[in-house]
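Q: Chains as they are written, first to last, in numbering that gives the first Met the number 0: chain A, 0 to 327; chain B, 0 to 728.
Hints listed in this document are in silico derivations from the structure and should not be mistaken for laboratory results.
Backbone N, C-alpha and C fix where the C-beta goes; we use that ideal spot for every residue, glycine too.
One should not assume that every hint holds.
Said to hold, decoys possible - So the derived label-pair ranges between C-beta atoms look like this:
#1 B:Ala152 - A:Arg207: 48 to 58 Å
#2 B:Asp669 - A:Asp197: 31 to 41 Å
#3 A:Gln39 - B:Gly547: 58 to 68 Å
#4 B:Glu122 - A:Asn78: 42 to 52 Å
#5 A:Gln39 - B:Ala403: 35 to 45 Å
#6 B:Arg601 - A:Glu326: 38 to 48 Å
#7 B:Asp669 - A:Arg184: 56 to 66 Å
#8 B:Ala168 - A:Ser152: 57 to 67 Å
#9 A:Ile327 - B:Asp394: 34 to 44 Å
#10 B:Gln150 - A:Gly196: 53 to 63 Å
#11 A:Gln39 - B:Gln150: 27 to 37 Å
#12 B:Ala40 - A:Arg1: 55 to 65 Å
#13 B:Asp165 - A:Glu296: 57 to 67 Å
#14 A:Thr55 - B:Ala40: 32 to 42 Å
Below, each chain spelled out in residue letters.
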Amino acid sequence: MRPFAFQRPDSLAHAHELTVPEDATAVAGGTNLLDLMKLQVETPERLVDINRLGMTEIQETADGGLRIGALATNTATANDDRVRADYPVLARAILAGATQQLRNRATTGGNLCQRTRCYYFTNIDQPCNKREPGSGCGAIDGIAHLHAVLGTSPSCIATYPGDMAVALSALDATVEIASPDSDERSVPVRDFHLLPGDTPCRDNVLERGEIITAVTLPRPVKAKHLYRKVRERSSYAFALVSVAAIVAVEDGVIARADLAFGGLAHKPWHDARLSELLVGEAPSAALFDKAGDLLLEGARGYGENDFKIPLARRTLAAVMAEATETEI
Amino acid sequence: MSAHLKQDEPVTSNRLDGMKQGIVGQPLSRVDGLAKVTGTAPYAAEYKIDNVAEGVLVTAPITRGEVTSIDKDSVLSMPGVLAVLDDERLTTRAAQGTANEAPKQDPATVCYWGQPIAVVVAETFEQARDAAKHLKVEYRVHEGAPLDPHQVAPEEQEDETVNQGDLDAAMARAAHTVDVEIATEGHASAAMEPHAAIAEWRDDKLTVYASLQMPNYNIAELADSLGMEESNIRLVSRYVGGGFGSKLGISEETVAAAIAARELGQPVRVVMSRQQVFQCIMRRSETTQKLRLASDEEGKLDGFAHHALVSNLPGEEFAEPVLQSSHFLYGGENRQLKLEVARIHRMTAGSVRAPGEAVGMPALEVAMDMLAEKSGVDPVELRLRNIPDRNPEEDLPFSSHKLADCLRQGAEKFGWDSGPRKPRQQREGEWWIGTGMASAARVHNVGEAKAHVTLKSDGTAVVQSDMTDIGTGTYTIVAQIAGEMLGIPIEKVLVELGDTKHPRGPGSGGSWGAASIGSAVYVACEALREKLAHRAGTSETELDLRDGSVVGGNSLVELLDGEDISEVGHYEPGEIADSHTASGFGAFFAKVRVNRFTGETRVDHMLGAFGFGRVLNEKTARSQCLGGITWSIGVALTEALLFDPVDGHLVNCDLAEYHVPVNRDVQDVDVMMMEERDPVASPIQAKGIGELGMCGGAAAIANAIYNACGARLFQYPMTPDRVLAALPD
Numbered sequence: 000m001r002p003f004a005f006q007r008p009d010s011l012a013h014a015h016e017l018t019v020p021e022d023a024t025a026v027a028g029g030t031n032l033l034d035l036m037k038l039q040v041e042t043p044e045r046l047v048d049i050n051r052l053g054m055t056e057i058q059e060t061a062d063g064g065l066r067i068g069a070l071a072t073n074t075a076t077a078n079d080d081r082v083r084a085d086y087p088v089l090a091r092a093i094l095a096g097a098t099q100q101l102r103n104r105a106t107t108g109g110n111l112c113q114r115t116r117c118y119y120f121t122n123i124d125q126p127c128n129k130r131e132p133g134s135g136c137g138a139i140d141g142i143a144h145l146h147a148v149l150g151t152s153p154s155c156i157a158t159y160p161g162d163m164a165v166a167l168s169a170l171d172a173t174v175e176i177a178s179p180d181s182d183e184r185s186v187p188v189r190d191f192h193l194l195p196g197d198t199p200c201r202d203n204v205l206e207r208g209e210i211i212t213a214v215t216l217p218r219p220v221k222a223k224h225l226y227r228k229v230r231e232r233s234s235y236a237f238a239l240v241s242v243a244a245i246v247a248v249e250d251g252v253i254a255r256a257d258l259a260f261g262g263l264a265h266k267p268w269h270d271a272r273l274s275e276l277l278v279g280e281a282p283s284a285a286l287f288d289k290a291g292d293l294l295l296e297g298a299r300g301y302g303e304n305d306f307k308i309p310l311a312r313r314t315l316a317a318v319m320a321e322a323t324e325t326e327i
Numbered sequence: 000m001s002a003h004l005k006q007d008e009p010v011t012s013n014r015l016d017g018m019k020q021g022i023v024g025q026p027l028s029r030v031d032g033l034a035k036v037t038g039t040a041p042y043a044a045e046y047k048i049d050n051v052a053e054g055v056l057v058t059a060p061i062t063r064g065e066v067t068s069i070d071k072d073s074v075l076s077m078p079g080v081l082a083v084l085d086d087e088r089l090t091t092r093a094a095q096g097t098a099n100e101a102p103k104q105d106p107a108t109v110c111y112w113g114q115p116i117a118v119v120v121a122e123t124f125e126q127a128r129d130a131a132k133h134l135k136v137e138y139r140v141h142e143g144a145p146l147d148p149h150q151v152a153p154e155e156q157e158d159e160t161v162n163q164g165d166l167d168a169a170m171a172r173a174a175h176t177v178d179v180e181i182a183t184e185g186h187a188s189a190a191m192e193p194h195a196a197i198a199e200w201r202d203d204k205l206t207v208y209a210s211l212q213m214p215n216y217n218i219a220e221l222a223d224s225l226g227m228e229e230s231n232i233r234l235v236s237r238y239v240g241g242g243f244g245s246k247l248g249i250s251e252e253t254v255a256a257a258i259a260a261r262e263l264g265q266p267v268r269v270v271m272s273r274q275q276v277f278q279c280i281m282r283r284s285e286t287t288q289k290l291r292l293a294s295d296e297e298g299k300l301d302g303f304a305h306h307a308l309v310s311n312l313p314g315e316e317f318a319e320p321v322l323q324s325s326h327f328l329y330g331g332e333n334r335q336l337k338l339e340v341a342r343i344h345r346m347t348a349g350s351v352r353a354p355g356e357a358v359g360m361p362a363l364e365v366a367m368d369m370l371a372e373k374s375g376v377d378p379v380e381l382r383l384r385n386i387p388d389r390n391p392e393e394d395l396p397f398s399s400h401k402l403a404d405c406l407r408q409g410a411e412k413f414g415w416d417s418g419p420r421k422p423r424q425q426r427e428g429e430w431w432i433g434t435g436m437a438s439a440a441r442v443h444n445v446g447e448a449k450a451h452v453t454l455k456s457d458g459t460a461v462v463q464s465d466m467t468d469i470g471t472g473t474y475t476i477v478a479q480i481a482g483e484m485l486g487i488p489i490e491k492v493l494v495e496l497g498d499t500k501h502p503r504g505p506g507s508g509g510s511w512g513a514a515s516i517g518s519a520v521y522v523a524c525e526a527l528r529e530k531l532a533h534r535a536g537t538s539e540t541e542l543d544l545r546d547g548s549v550v551g552g553n554s555l556v557e558l559l560d561g562e563d564i565s566e567v568g569h570y571e572p573g574e575i576a577d578s579h580t581a582s583g584f585g586a587f588f589a590k591v592r593v594n595r596f597t598g599e600t601r602v603d604h605m606l607g608a609f610g611f612g613r614v615l616n617e618k619t620a621r622s623q624c625l626g627g628i629t630w631s632i633g634v635a636l637t638e639a640l641l642f643d644p645v646d647g648h649l650v651n652c653d654l655a656e657y658h659v660p661v662n663r664d665v666q667d668v669d670v671m672m673m674e675e676r677d678p679v680a681s682p683i684q685a686k687g688i689g690e691l692g693m694c695g696g697a698a699a700i701a702n703a704i705y706n707a708c709g710a711r712l713f714q715y716p717m718t719p720d721r722v723l724a725a726l727p728d
């Protein structure tokens with residue numbers, strides 16, 4: 000860990016000002032950033048603590064949705080009565096992640112910005128295009144057990160590791176961002192994270208000095224909410240594959256199927272075509288298979304992670320079967 | 000005064016059973032528990048020493064080669080940096096357990112990725128860590144270091160080789176055969192407390208506070224590393240936050256702290272990062288094992304073969320002793336055993352919890368399950384039929400043998416269904432449910448030990464030894480034995496461990512600590528009892544002590560009459576160790592769920608039934624068994640060291656990515672301990688306990704996975720991807 004200055008702005012304007020320069024990084028819960036600083040993966044000269052900016056509230060919006068402050072802790076969000084009643088997929092996803100102690104510190108905005116768990120990213124003596132552009136990718140020919148099968152590039156096969164954002168993607172939530180030079184902009188969470196392309200150093204659309212202020216959920220819908228996380232041990236492990244599903248069946252046909260996937264890509268994976276395929280159809284094993292085909296159409300394994308392709312297909316089928324009460 | 004016992008004969012009756020207080024065996028809570036939970040028990044890095052400088056090891060990011068230059072000036076001007084040391088005495092690997100000599104030195108020669116090559120010392124830890132990352136080092140890389148154990152010609156460990164009878168003929172004429180290859184991956188000790196040391200010099204005297212399992216050997220290893228006399232060194236390891244083999248031998252941080260403190264003329268602390276502990280401390284070797292079993296119609300073995308390939312660095316003597324219990328667990332006239340070592344450039348392989356059986360038994364017991372299926376014999380019954388009367392290779396008697404009792408009583412308590420066994424008989428929703436079982440075996444070890452016991456004139460006692468308590472309960476069982484023998488409650492026994500100013504204990508390792516130090520304490524107390532008996536005008540065998548008094552007579556205070564009496568008890572294993580085969584035995588039963596979509600396995604229930612001689616403390620013994628079963632779950636389902644195929648570096652080097660079981664993975668666990676006295680194992684008739692709990696348990700889970708879903712896996716750990724790949728359609 001390198002020496003760094005610690006700054007605590009009291010206003011958003013001041014926070015913008017402090018975080019625009021390249022040598023600064025904003026910190027909220029610090030559950031990911033501090034570990035990376037100890038490993039010297041992250042080496043900010045200034046750490047800008049945004050915990051004095053409020054932004055902890057969870058409140059209803061004018062159109063019946065819910066606005067979750069960027070500094071609301073994961074524990075607060077998962078325990079919020081409205082989240083539990085109307086958006087259980089979000090509570091379930093959060094509770095499937097990390098440990099109680101980490102969730103007590105982790106925040107909404109920070110969790111969206113969580114960095115990959117790729118082994119080569121966290122080891123500064125190994126090549127990694129995300130950490131050090133142009134240095135190469137150790138994972139492609141290395142240990143790629145945890146890595147992506149969708150949306151990869153020759154530069155990077157890392158995954159976005161979080162759970163909360165996968166549920167937010169299924170919910171079609173919006174990320175509210177305060178920018179230094181304008182007022183506020185809103186980005187659908189499905190567009191917030193980026194695919195690696197040839198700039199894997201960019202995880203998401205945030206520009207320098209921008210600060211996430213909230214995540215807004217649309218009006219709740221009546222549907223079954225499931226979050227399924229597949230992993231080797233039953234807690235404190237990142238997903239091999241996860242599925243967030245908001246599914247409703249009416250009169251024997253699927254009326255809604257909003258699905259998002261974790262563990263498969265550099266971002267929570269949402270494919271609008273799945274919903275189009277599933278809605279209006281009677282649930283069946285064959286239909287879920289077709290959905291799997293569509294989801295994994297462009298999938299590519301890197302040896303060690305080939306298993307994720309059949310695993311994603313099977314998990315999708317299991318979740319859809321449970322959500323639609325179909326025996327397969 | 001000292002009393003010596005070299006055990007050449009069985010000890011068939013024992014003082015401990017005739018005592019009036021009945022303290023030994025009681026499920027007492029640890030006497031050091033309060034200090035630990037209140038944070039007042041100091042671990043190695045926590046001793047309050049003035050003016051301590053902080054050292055951080057610099058490690059090599061190459062697999063094999065030489066350090067050609069270190070540009071010390073590249074960091075010496077950084078804030079707080081005091082020194083960069085690349086002293087040729089710095090060690091580059093941990094010493095193997097009981098080595099008693101310096102481990103490999105010469106930091107300029109790199110043999111594995113992550114090897115320490117230097118130490119940077121600064122005023123603060125953060126400064127030292129930053130400088131260690133910035134130090135400019137140049138290397139000459141020797142390309143082509145072999146990394147894959149299957150790509151080199153292995154060396155046979157000839158002393159392990161057995162060729163008895165004609166195995167091929169046995170296989171050819173057998174009614175049932177099994178011929179299978181099973182692989183296990185590397186494991187890390189992953190002890191909670193990282194490796195740490197604070198070294199302090201006073202003139203030519205060195206004191207090191209370190210996290211060590213065996214100060215009795217470590218003192219010689221450190222003296223040899225530094226080229227100095229043992230008598231000038233004091234090691235202090237009063238509390239150790241877990242070892243599991245990783246702290247058996249002296250390791251890099253301790254030697255580096257000692258050298259740096261000398262050089263700087265001030266105390267130096269060196270603490271390894273979690274990543275460094277993973278990358279440069281002992282790994283358990285991966286193994287590839289081939290098992291061949293030949294039986295008659297009824298499943299009785301006629302042929303038994305177990306071959307294993309393990310790996311280590313060039314020049315390391317240790318070879319994971321995979322076959323250790325295979326030599327005697329089951330009968331079979333025709334036998335072939337062979338252990339081979341591949342020389343590759345991953346970090347040192349050495350002792351990790353239950354070296355040998357931890358991976359040998361999980362393979363053997365899957366093969367036995369396959370034989371049970373082929374022969375149509377119930378798996379429990381199959382084991383019972385194959386228990387030999389004597390060691391089948393050396394024709395030696397067993398010291399004691401509780402396998403049959405463990406199998407029968409374990410099966411009964413678990414509710415084992417001995418009816419026909421077929422996979423996929425039970426399903427609950429997405430989950431297939433199945434059961435499996437396996438035998439447990441772990442060779443029993445003992446080591447020479449001394450303990451100094453003083454009975455003070457105020458009726459309290461002090462026991463001193465450099466023996467360690469690595470979280471196992473040594474403080475407590477030592478207090479129990481001394482209290483029992485001297486007729487005083489354990490609150491009146493002060494136990495001082497982990498300091499080489501005291502007599503040499505056995506150290507903690509190989510599950511030998513309790514039986515060995517316990518015997519030394521026992522021997523000392525017997526001698527003290529002789530003295531007390533003399534004062535009381537009776538004989539030692541007639542002396543009944545209870546609650547600080549002779550029963551019906553004087554108090555100890557009166558007998559001692561203002562005088563302290565003390566003895567050093569000295570226990571040595573004797574000829575009896577060579578004339579018997581001594582082992583702990585047991586049986587595991589498991590009930591698991593396997594998700595039919597995702598291949599995830601969860602262990603709903605495990606039962607372990609164990610026979611390991613006298614139980615000194617039912618609570619700490621049970622805790623050891625629970626720990627072993629937790630390791631079993633890890634071996635079966637999650638634990639694997641992952642090495643990069645290009646440069647051999649360990650990629651999953653922290654506790655987030657190296658998956659030990661978490662609380663939620665360890666559900667309903669039952670432990671049964673058989674009442675037993677082993678007259679051969681030790682003078683106190685106790686055997687090793689700690690490691691037995693993981694010697695075979697993984698196979699009970701593997702066999703339950705097969706019973707649940709029909710996936711027979713030949714590779715541990717049985718992760719979801721592997722289960723899915725093995726699922727029948």
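Q: Hints the structure violates: just list their numbers, smallest first.
A: 2, 5, 6, 9, 10, 12
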